[in-house]
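Line order of the protein sequences matches chains A and B.
The numbers in the first sequence follow this note's numbering, run straight up by one, and end at 329.
The numbers in the second sequence follow this note's numbering, run straight up by one, and end at 329.
Treat the hints with care, since some could be wrong.
If you want the ones that stay clear, here's a sample from chain B, every Cβ over 12 Å from chain A, calculated [to be verified]:
#, residue
1, GLY144
2, ARG150
3, ALA211
4, PRO222
5, GLU306
Straight line, CA to CA, 20 Å or less: simulated SDA-like cross-link-like pairs of lysine to any residue [claimed, not checked]:
#, chain 1, residue 1, chain 2, residue 2
6, B, LYS158, A, SER259
7, B, LYS121, B, ASP178
8, A, LYS237, B, LYS237
9, B, LYS237, A, LEU247
10, A, LYS121, A, GLU175
11, B, LYS237, A, VAL180
12, A, LYS158, B, ARG250
13, B, LYS237, A, PHE168
14, A, LYS237, B, LYS158
15, A, LYS158, A, VAL180
16, A, LYS237, B, LYS121
17, A, LYS158, A, GLY144
18, A, LYS158, B, ARG252
19, B, LYS158, A, ARG260
20, B, LYS237, A, GLY201
21, B, LYS237, A, LYS158
22, B, LYS237, A, MET246
23, A, LYS237, B, ARG235
Keep in mind that the hints were calculated from the coordinates and are not lab data.
In this text the structure is predicted, and so the values were computed from the model without any measurement.
Where is the CB? At the ideal position from N, CA and C, for every residue including glycine.
Protein chains: 2
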Amino acid sequence: MSPTITAFKASPDRGRGLARDMRVRWALEEVGQAYDVRLLTFAEMKEPAHLGLQPFGQIPTYEDGDLVLFESGAIVLHIAERHAGLLPGDANAGARAIAWMFAALGTIEPPIVERSMATLVERDKPWYAQRLPMLEDRVRARLGELSRRLGEADWLDGAFSAGDLLMVSVLLRLGGSGLLDDYPNLCAYIARAEARPAYRRAFAAQLAVFTAASSGG
Amino acid sequence: MSPTITAFKASPDRGRGLARDMRVRWALEEVGQAYDVRLLTFAEMKEPAHLGLQPFGQIPTYEDGDLVLFESGAIVLHIAERHAGLLPGDANAGARAIAWMFAALGTIEPPIVERSMATLVERDKPWYAQRLPMLEDRVRARLGELSRRLGEADWLDGAFSAGDLLMVSVLLRLGGSGLLDDYPNLCAYIARAEARPAYRRAFAAQLAVFTAASSGG
Chain A
113 MSPTITAFKA
123 SPDRGRGLAR
133 DMRVRWALEE
143 VGQAYDVRLL
153 TFAEMKEPAH
163 LGLQPFGQIP
173 TYEDGDLVLF
183 ESGAIVLHIA
193 ERHAGLLPGD
203 ANAGARAIAW
213 MFAALGTIEP
223 PIVERSMATL
233 VERDKPWYAQ
243 RLPMLEDRVR
253 ARLGELSRRL
263 GEADWLDGAF
273 SAGDLLMVSV
283 LLRLGGSGLL
293 DDYPNLCAYI
303 ARAEARPAYR
313 RAFAAQLAVF
323 TAASSGG
Chain B
113 MSPTITAFKA
123 SPDRGRGLAR
133 DMRVRWALEE
143 VGQAYDVRLL
153 TFAEMKEPAH
163 LGLQPFGQIP
173 TYEDGDLVLF
183 ESGAIVLHIA
193 ERHAGLLPGD
203 ANAGARAIAW
213 MFAALGTIEP
223 PIVERSMATL
233 VERDKPWYAQ
243 RLPMLEDRVR
253 ARLGELSRRL
263 GEADWLDGAF
273 SAGDLLMVSV
283 LLRLGGSGLL
293 DDYPNLCAYI
303 ARAEARPAYR
313 RAFAAQLAVF
323 TAASSGG
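Extracted from the complex, chain A is given alone in its bound form (with noise of 0.2 Å):
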């Protein structure tokens, strides 16, 4: 039996690749394991069925037998468990892979989501122009630091790792915004990423189901 991943039947991103199933299926993709994908409108995603899987109401989650697991990061740490490919086999190499991982969803994430939700939410709103510096300011910082530490490395620890995912999906979300633009080996660590078999495979299939909802009109 193959696992079992939930995702946006119509993705708000058009194909992007920029929600959240895209992480588990690159990681799924990296250490070959099959995956079947259950599709879900924005409705469906509220209602009590998937409300008793993730209790928040959004996507991914991930079914294996008895086992049914929500947060992206708790999915690609435990698909990484349980395969060889996503973290180094030595255990202190292991433990600052994860430390990558967190950093990614709690460090890295949060500047990048505000800003992203203030230029949907709040971009007719008289004060948009004086707040969206401040939010850039954020990210800005943020991708000093990442990139200090990067420096000319391909990875950030050694190996590509589940944090070096988690850390690249993040970073995808900043296409367009320019922000990338003055840090170009974070520019080269995500073209490195995105030229990964795994990660090409994981696009193809999430751009797929953009394609049939589009052209099933």
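Chain A is fixed; fit chain B onto it per the hints.
Just chain B now, with coordinates in the frame of chain A:
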């Protein structure tokens, strides 16, 4: 050798136990692991010596022999995986506890921090009165979902776990906001956690740092 953690020499929360070292102290107390503390000023946190340990210039860090970790979630998970008491023995239940850890830090904490930041940084701005209700609605939406999932249970998923430890740590940041008042089951959940001897020992330890710093004037 005991592990060494870092904490604020002068915590901005004035000993209320809201700084992120508290989560690590609490975890160490739950599993009965002694630890040392190195206190840092804000200036020291931004110096190269600390940035080598913590790329974002924050506390806490965790040093144990050759291992250096950052991110309170990763540190708590590391402690939980190496000692009994913070993760259930059953593998599926363990994975679910880790999902609650990620939910605490990735889903519940960001809107709480966003609201707190606004009350600190934007209180004097002309838009504050209009934005605050929007930020509080975002927090309430998450609290409502969490309250429904918790129901009448003592803890989020079976026995007390590292997921509860992080979730309560995050909810405590709402103290004084009034936002928890509509959720008596969440208030009882927090009180249940605060009554744990390990929590009380950790709280006393961080308060002693503040008291010593104040009286040292």
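Consistency of the hints with the structure:
1. Chain A leaves B/GLY144 outside its interface by the beta-carbon criterion, the shortest separation being 20 Å against a cut-off of 12 Å.
2. No beta-carbon of chain A comes within 12 Å of the beta-carbon of B/ARG150; the shortest separation is about 18 Å.
3. For B/ALA211, the shortest C-beta to C-beta distance to chain A comes to about 4 Å, within the 12 Å cut-off, and the non-interface label is violated.
4. B/PRO222, annotated as away from the interface, has a beta carbon of chain A within 12 Å; the closest lies near 4 Å.
5. Residue placement check: B/GLU306 keeps its beta carbon more than 12 Å from all beta carbons of chain A (closest about 23 Å).
6. A C-alpha spacing of about 16 Å is found between B/LYS158 and A/SER259, which places the hinted pair at or below 20 Å, so the restraint holds.
7. For the suggested pair B/LYS121 and B/ASP178, the alpha carbons sit about 24 Å apart, so the restraint of at most 20 Å is broken.
8. With a C-alpha separation of about 14 Å, the suggested pairing of A/LYS237 with B/LYS237 holds against the 20 Å cut-off.
9. Of the supplied pair hints, the one linking B/LYS237 and A/LEU247 holds, its CA atoms being roughly 15 Å apart against a limit of 20 Å.
10. The hinted pair formed by A/LYS121 and A/GLU175 meets the criterion: a straight-line CA distance of about 18 Å does not exceed 20 Å.
11. Of the supplied pair hints, the one linking B/LYS237 and A/VAL180 is violated, its CA atoms being roughly 44 Å apart against a limit of 20 Å.
12. For the proposed pair A/LYS158 and B/ARG250, the alpha carbon gap of about 16 Å is at most 20 Å, so the pair holds.
13. Distance hint between B/LYS237 and A/PHE168 is unfulfilled; the C-alpha atoms sit about 32 Å from each other, more than 20 Å.
14. For the proposed pair A/LYS237 and B/LYS158, the alpha carbon gap of about 35 Å is over 20 Å, so the pair is violated.
15. Distance restraint check for A/LYS158 and A/VAL180: the Cα-Cα separation of roughly 17 Å lies within the 20 Å cut-off, and the hinted pair is therefore satisfied.
16. The hinted pair formed by A/LYS237 and B/LYS121 fails the criterion: a straight-line CA distance of about 40 Å is larger than 20 Å.
17. A C-alpha spacing of about 31 Å is found between A/LYS158 and A/GLY144, which places the hinted pair above 20 Å, so the restraint is violated.
18. A hinted pair counts as satisfied when its Cα atoms are at most 20 Å apart, and A/LYS158 with B/ARG252 qualifies at roughly 16 Å.
19. For the hint pairing B/LYS158 with A/ARG260, the CA-to-CA distance comes to about 13 Å; that is within 20 Å, so the pair holds.
20. The straight-line distance between the Cα atoms of B/LYS237 and A/GLY201 is roughly 51 Å, outside the 20 Å bound, and the hint therefore fails.
21. The hinted pair formed by B/LYS237 and A/LYS158 fails the criterion: a straight-line CA distance of about 35 Å is larger than 20 Å.
22. Only pairs whose Cα atoms come within 20 Å are accepted, and B/LYS237 paired with A/MET246 is accepted, the gap being roughly 13 Å.
23. Distance hint between A/LYS237 and B/ARG235 is fulfilled; the C-alpha atoms sit about 17 Å from each other, no more than 20 Å.
In this structure, the hints that do not hold are numbers 3, 4, 7, 11, 13, 14, 16, 17, 20 and 21, in rising order.
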